Each structure stands twice: as structure tokens, then as C-alpha cells.
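Protein chains: 2
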Amino acid sequence: MTEQLDDLAALLRDGEPQRLQQALTEISVGDTVDFLERLGVRDRAVAFRLLPKGVAVEVFDMLDQSLQLEIIEGLKDADVAHFFDSLDPDDRVRLMDEMPASVARQMLRHLDPRERSLTGIVLGYSSGTIGREMSPEFVAIPEQWNAQQALDKIRRAGENAETIYTLPVVDRQRLLKGVVSLRGLLGAEDETPIADLMTEADSVIVDHEAEDAARLCADRKHLAMPVTDKEHRVVGIFTVDDALDILERAESEDAARQGGSEPLHRPYLSTPVLRIMRSRVVWLLVLAVGATLTVQVLDVFESTLESLVVLSLFVPLLIGTGGNTGNQAATTVTRALALGDVGPRDVMRVLWREVRVGATLGATLGTGGFLVAGLVYGWDIGSVIGLTLLAICTMAASAGGLMPLLGKKLGADPAVFANPFISTFVDATGLIVYFLIARAVLGL
Amino acid sequence: MTEQLDDLAALLRDGEPQRLQQALTEISVGDTVDFLERLGVRDRAVAFRLLPKGVAVEVFDMLDQSLQLEIIEGLKDADVAHFFDSLDPDDRVRLMDEMPASVARQMLRHLDPRERSLTGIVLGYSSGTIGREMSPEFVAIPEQWNAQQALDKIRRAGENAETIYTLPVVDRQRLLKGVVSLRGLLGAEDETPIADLMTEADSVIVDHEAEDAARLCADRKHLAMPVTDKEHRVVGIFTVDDALDILERAESEDAARQGGSEPLHRPYLSTPVLRIMRSRVVWLLVLAVGATLTVQVLDVFESTLESLVVLSLFVPLLIGTGGNTGNQAATTVTRALALGDVGPRDVMRVLWREVRVGATLGATLGTGGFLVAGLVYGWDIGSVIGLTLLAICTMAASAGGLMPLLGKKLGADPAVFANPFISTFVDATGLIVYFLIARAVLGL
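Chains as they are written, first to last, in the UniProt record's numbering: chain D, 1 to 444; chain B, 1 to 444.
Where hints are given, some of them may not hold.
The list treats identical chains as one, so a pair stands whether inside a single copy or across any two.
Stated by the list, open to error - Listed next, the in silico SDA-like pairs over lysine to any residue satisfying Cα-Cα at most 25 Å (straight line):
#1 Lys177 to Thr129
#2 Lys221 to Leu95
#3 Lys221 to Thr129
#4 Lys408 to Gly30
#5 Lys409 to Glu16
#6 Lys221 to Glu211
#7 Lys177 to Val57
#8 Lys221 to His208
#9 Lys409 to Tyr125
#10 Lys221 to Ser252
#11 Lys177 to Val289
#12 Lys53 to Asp91
#13 Lys409 to Leu216
#14 Lys221 to Asn160
#15 Lys177 to Gly30
#16 Lys221 to Asp85
#17 Lys408 to Glu248
#18 Lys221 to Gln68
#19 Lys221 to Gly184
#20 Lys221 to His82
#21 Lys221 to Asp88
#22 Lys221 to Ser270
#23 Lys153 to Arg183
Derived by calculation from the structure, the hints in this document are not laboratory data.
Predicted, not measured: the structure shown is a model, and the values here were computed from it.
Extracted from the complex, chain D is given alone in its bound form (with noise of 0.2 Å):
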């Protein structure tokens, strides 16, 4: 398929555009935005235009929203009011934080009033709550009702819904009883009362983090959760696809994260060198100035170096093994944490967990280090490095896995302390105790 996608670009490349847009006909939505997505901004807005209306619209719809930015950066007003009108409520927010505070507010003021009110009512909530990803559009169904009198408003009132296959139960007060999902209404005889049909609702309050009520609804396997007030008045729908969006942005941000850089937020071949540049140095500058503290740390020890310089061969190798170790564990705890399967009140139960098995891990590698050390370079030498390797893999362990649990904590991104964090605190620490050992056993 990319291969496919390729001989698109070179089209356009090649100057083209009539054999382009004949061709862009011929594939699928999803495919001309795979096709969009590998682009530049230039080619892009040039075969953005080239599309037939109808699946301009259902393309922008689907396009990352880095890249919708810059597509309305390219158009002309009147244009950019279509696109914009076609958006659901929740997705036209997201857009909207990221433009300038004008530009946002005149796109505001061109929207047909319906879609200005709900769009207002998402707006109200705060960046990063469940407010701001759900949809104001939803249809209720009052306990009393059965059946039949459920299709009916289904039929009638549905069009503009978010979704229609899972309903939230109201009472008259609107206050969340249930939800009944539309197989099992039209499973139903007509005259079933709703309450027979209704099951339990999980549900998430409005100020809920965003990420959380997204990992409930992908855990819980369910197609939409209702979103209600702190008086659990249904305010809102909140499903499925929304919540595979929230998990893939917090995912790719983890992922970066524990690779030690800032999420690109785009599709990586579309991204400028510059920018995945920035992403990434300044990361790389705090944990270079964090390393400095190993150069302070081999300077203290400058003696003890240089009588025994075949000390610092091994430099490499502990505090290698000890970064592994300790970015190990940190992957480990970040990735529960994400899941939900542990939770900063488990500090201690994964404290006590960890250091059991770095030390396991430890007399591992630390007998191996002990034979072939001592082998090569005797036995001193030997007890030397296997003591350090126990020592250097028990408290990465601990650091490790302590580490995403603290930041959790003080309300910072857990993946922020994994690896390269990790490394750098442990090869200082790990220095440290090396040459400590080195002294006592050696005698130095």
C-alpha cells in the first residue's frame, strides 16, 4: 500500500495534478489520508485541494489535527468556515486550542447558532477533562418509557447523536439510572419496560481527566460511557472512538517520553527535522548537565583511577547494567500505571517487590561477574565487580520502580522518569558506590 501511496507523490511531484486527481478518486478515504499524512505542508495543501468536496470533508475529519491546522492556515475564509461547520462539537475544541485566540473566535462567530451552543457547552469545561472530549449530542430515554417508545424517539431525534447504540436512562430529574443499548432494545418486545432492559452504567464525572475515563471505557470494553455532573445529571456521551484517540496521543506521549523527548503531537515523516530537533534537546541538555555530576563524581576518585586504571574498564559495563536495570523496573511501573493496575498507594508493595528482584537479578549477574572478571583479572578484581553488580542492580530496581510512582504523585508524567532519567541517576549513584567498594576491598 505504501508503495502505492508513493507513486501518488511522485505524481505530484512530477507535476501532474489532473492524473493525480483521477487517481486520488479511486482510493478510499483512509487511504488518501495515509497518502496526505506522508507529505509535505506544501504538497499536502496542493493535493488537499485537489479532492472533491464531499470527500474534503470527510478526509479533513480524519486528519490529524496538526496537520487540519495547517490546512486552515491555507485557505481562504469562506472555505475554512465549511470544514469548520462539518466538525463534531468535541473535535472543533481540540482545533480550537490550538489556534490563535482571534482566529478561533471568528471561526466561532460563523458557525450556524446550534452548533455555536454546543460548542460553547464543550468549551466550558477545562483542558484535559472528559468535558472537553465528549459529545453534548446524545439521546436519553426516561425509565418509564418501554420499548417501542424508545425506537420511536431513536428514529426521530437520532440523526444528530453522537452515537445511538448505547442510551443513558434518565429519570424526570434527568439524573443518570442505567443504559440500554439499541440490540437490546430492538431484541425487545414493544410494550418491555425500559427498566427491564436498562443495565448499570459506568459513568465519568465531566471533570474527570481525560485519560483515565479513556482507559476505563477501553478496559470495560464498552461503546460509549455517559458523562454526567457532580449530580450525576447526564450531561454528555463520550465513546469508543474518542477514547482510541486519548489512549493513542497518551500512548505516543509515553512513548516519547521514555525515549527522552517531547511528543511530535504529528505523523513523524511529516514533521519538520527542526522541529523533531526541538523536541528532543532539550531533554538531551538537562540529562547532559545531569551527567556532569559523573565527571564531578570520577573526580573525586581521580586517585584511586589512576593507581588502578584497570578500574575504569569497567565503567562502561556497571553502569550500563545498572541504567538497564533500573529502566526495566521504570518501564515496568509506568506501563501498570497507565493500565491502571497499580496506583501510588502501592508504593511500598512495589518497593518490596522490586528490591526482591533486583537483588535476585544482582546475584545473577554479579556471580557471572565474578568469574569472568576474576578469570581476566583476578580475583580482587573479581569480588570487586560481582559486589558492585549486586549492589548497582538492587537499588536500579528500586529506584526504577519507586521513580514513575513519585512522579505520579507530585502530578507529573510518570514515563518522564523512566529510562534516561533513570540512567543518569543511576550511573552517578552507581559510580559512587563502585568506587566505595573498590576502596574497601582493594584497600586503596
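Following the hints, complete the assembly by docking chain B onto the known chain D.
For chain B alone, coordinates are given in the frame of chain D:
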């Protein structure tokens, strides 16, 4: 919430099964699953037996597969058959994959004939393909029908189907012609022909890789996708909640491998310490053996080190920075691969980007290193550090960007080539570069 679940666990420890049984009736199925996933093996078996039979089936269905297996091992044959029967064919097959073959066969024999034949269909496809994850229970709509006929069929035959919200439309040869949504059917007049309601279908071939299919389903926001054979005949359907499962497993795997360990395939707190240790020790040993390369490199340059011990002070900083840079590139490219933003064919585009990013980062850090090291240790040393940083960053970013693509081309998991692997690779090559530059600049 976790606080409340810990209170329940306390009831178990205090030997109050009656109070726990009572408390369990008051929490939702989802919360019960969370509760069980935080317990040890024996406690979980006890708690599970306290659940009312109807709830137990629902809970069993939502449990992590590794935990399902443990529970089944602790039950009597008659009970096992009951739980086994309640699973969907695809979930059943996934569980059977983990059982000893003899047990799996016995289970299969206990199933009722219809379920057994459905399970047989799924079992016929190889592990890792979408055929293994799809459901063979779907409702297909003939293209020559109208909306009313389709709705009648759904009401009649929909009960056992995996989903009724997205329905494959087929011709008389059962070839896939498109999909129609239940929403579209409900919103249409009775007489509207299906051909007018149906839309183009994104479908997957049955022996396609499951992860790619899941990513496609999530990217294109489909609630379900038809699965066809090579002749384009519909053989099954694949829903978004299957996709969510597959992606969660794939992402846990990527996260673990990026951290240099094997995925646990089960919730962290419910995993025995020895098993966590085993998931890490192999990688750690492999990397440690790789790291002995650094000892050998340093051994070769020992005379250089002896004549100028100050060079050894910068070893952790230089290789750490190299590791971080390589790691950033590898993580970005691995994620882009997972999201389908780049493919193995993009090797040259990725390489060219990473060379530029690496060189820019190297120039920035190199200038800083030159100034700081120059001021403290003299301009000779400053030049060595600055030049080495420039070289290492360029090299590390290029290698980090290439390795995941190479891995993919070789059919390995690209995430394996991320962080720890790159760090070890960069450690050894970085040291060589460092000492060569030092010898050249300092005339040693």
C-alpha cells in the same frame, strides 16, 4: 477506588468470607475484575468462588487471560466446562492456546456442537492472524434486499452475532460488497434498497497480521470490520473491542521491549516476583555480554587511558549522551512504525532525517561541551569532547532511526532494537570514536 478494593482484600486476609461475599454483591462487575487482578493466586481463587454464578461468568469473561487459566486450573471439571462454554469462540481459542494440548482437547469435547464448530473455524487459522481474533458469528445482508428485510433479519438472527451495529453486505456468491450500519437502517424508509444505504467497506483478509488489522480498525474509527478470505468472501467479523485488546497487548509488549524486558502478559501486582525476574534476566544477560565489548575497547586503549587519566572522567557522560540520542531516535521511529506512519520502505527518508537531527543536536551539545570542558580542563580536552559529542550524536541518531526499520525488515519486533540495545551498541562504538579523536587531536 483502589482504597476500597484494598479494604475488601483485608476482609479476605482477616478470614471474613461472608462479609466479603456481601461486599462483592455491592460493587460492579468491572470493579470486581479490578479487585481480583490485585490479589495473589490463592486469594483470587477463594474470592472468585464467592461470586454468584451469573456474575462469575461475566467476571471470568473480562479477566486477563493468564488469570482465567489459573482459575480454570483450580476448578472442578463440571464448573470449567460451564465457564468455557460462556466464552466467545475467539476468546476461547486464545485461552486454549495457553493450555496443554490434552486439556484443550478435553475442553473442546465438552462443548455443545454449535460452539464446537464455531471454535473449530477460529482454530483453523494460524496464531497471530486476524482469523484467530475474529468472530465467525455475524449477520450478512444480501445487497438486493431493502431496509425492512434487513431489520427483520437482524431481529431474528442477531442474538448470537458478535455485533449487529456494522453489517457486511454480500452478493449471491457471499462476496463482500460493502457495509451497512444499523443506524443507517433505522434512519431509512422501509423500502430503501440496501444498495443505497451501504458504504464502501474497509476489510481485512483472514490471514492478515492481527496487530495491523487492529491498528487499521482503530485508525479508521470502525466499530467493526468484515474479515474475508482471499476471494473476498466474508468469513467473520472483527470488532473494536477485539482491536482494543490486541493493541493493548501490542503496546504493553512494545513498552516492555523498549525497556529491555519481556512482556509480563498479566497485571503487575498479580505476577510472582520470580516471574518478573525471569522476564528481565535474559535481556539483562544478553546486554551485559554485549557490554563486555566496552571492556575490550577500553582494554585496547588502556595505554592512552594511563597516559591521560582525565580522559576516563568523560566516559560515562559521552556514552550516556550517545545512548540518550540513539534512544530518542529509536523510540520515535518505533512509535511511527507502530502507528503505520512509516514503513520499511522509508529507510532512506528516515536515515536522512536522523542524520540531520543528530548532527544539529551534536553541534549544539558539542559547542556546550567544548566550552565547559575547555574552561575546566584546557582547550585541548575541550576540542576532544566537543568533536566527540558531534560525532557520537550523529552516529547514535542515525543508528537509532535505522535499527527499528531493520528489525521490521528482518521480521523481528522493532521495539527490541530500541533503547537498551542501542545504548549498548553506542557505548562500544562511541568509545572507539572517542579514543580515535583523542589520539588525533592530542597527538598521543
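Hints and how they fare:
1. Lys177 to Thr129: within (23 Å within a copy, 41 Å between copies)
2. Lys221 to Leu95: For lysine 221 and leucine 95, the Cα distance is within 25 Å only across copies (19 Å; inside one copy 27 Å).
3. Lys221 to Thr129: both (20 Å within a copy, 21 Å between copies)
4. Lys408 to Gly30: between (37 Å within a copy, 23 Å between copies)
5. Lys409 to Glu16: neither (56 Å within a copy, 32 Å between copies)
6. Lys221 to Glu211: For lysine 221 and glutamate 211, both the intra-copy (15 Å) and inter-copy (18 Å) Cα distances are at most 25 Å.
7. Lys177 to Val57: For lysine 177 and valine 57, only the inter-copy Cα distance (24 Å) is at most 25 Å; the intra-copy one is 37 Å.
8. Lys221 to His208: both (19 Å within a copy, 24 Å between copies)
9. Lys409 to Tyr125: within (24 Å within a copy, 46 Å between copies)
10. Lys221 to Ser252: both (21 Å within a copy, 18 Å between copies)
11. Lys177 to Val289: neither (56 Å within a copy, 60 Å between copies)
12. Lys53 to Asp91: So lysine 53 and aspartate 91 pass the 25 Å test inside one copy only (20 Å; across, 43 Å).
13. Lys409 to Leu216: within (20 Å within a copy, 35 Å between copies)
14. Lys221 to Asn160: both (24 Å within a copy, 18 Å between copies)
15. Lys177 to Gly30: Close across copies (17 Å), not inside one copy (38 Å); limit 25 Å.
16. Lys221 to Asp85: between (31 Å within a copy, 20 Å between copies)
17. Lys408 to Glu248: Intra 20 Å, inter 21 Å, cutoff 25 Å: intra and inter.
18. Lys221 to Gln68: between (30 Å within a copy, 17 Å between copies)
19. Lys221 to Gly184: Classified as both: same-chain Cα gap 17 Å, cross-chain 23 Å, threshold 25 Å.
20. Lys221 to His82: The answer is between: 23 Å across copies meets 25 Å, while 35 Å in one copy does not.
21. Lys221 to Asp88: both (23 Å within a copy, 14 Å between copies)
22. Lys221 to Ser270: For lysine 221 and serine 270, only the inter-copy Cα distance (22 Å) is at most 25 Å; the intra-copy one is 33 Å.
23. Lys153 to Arg183: both (15 Å within a copy, 13 Å between copies)
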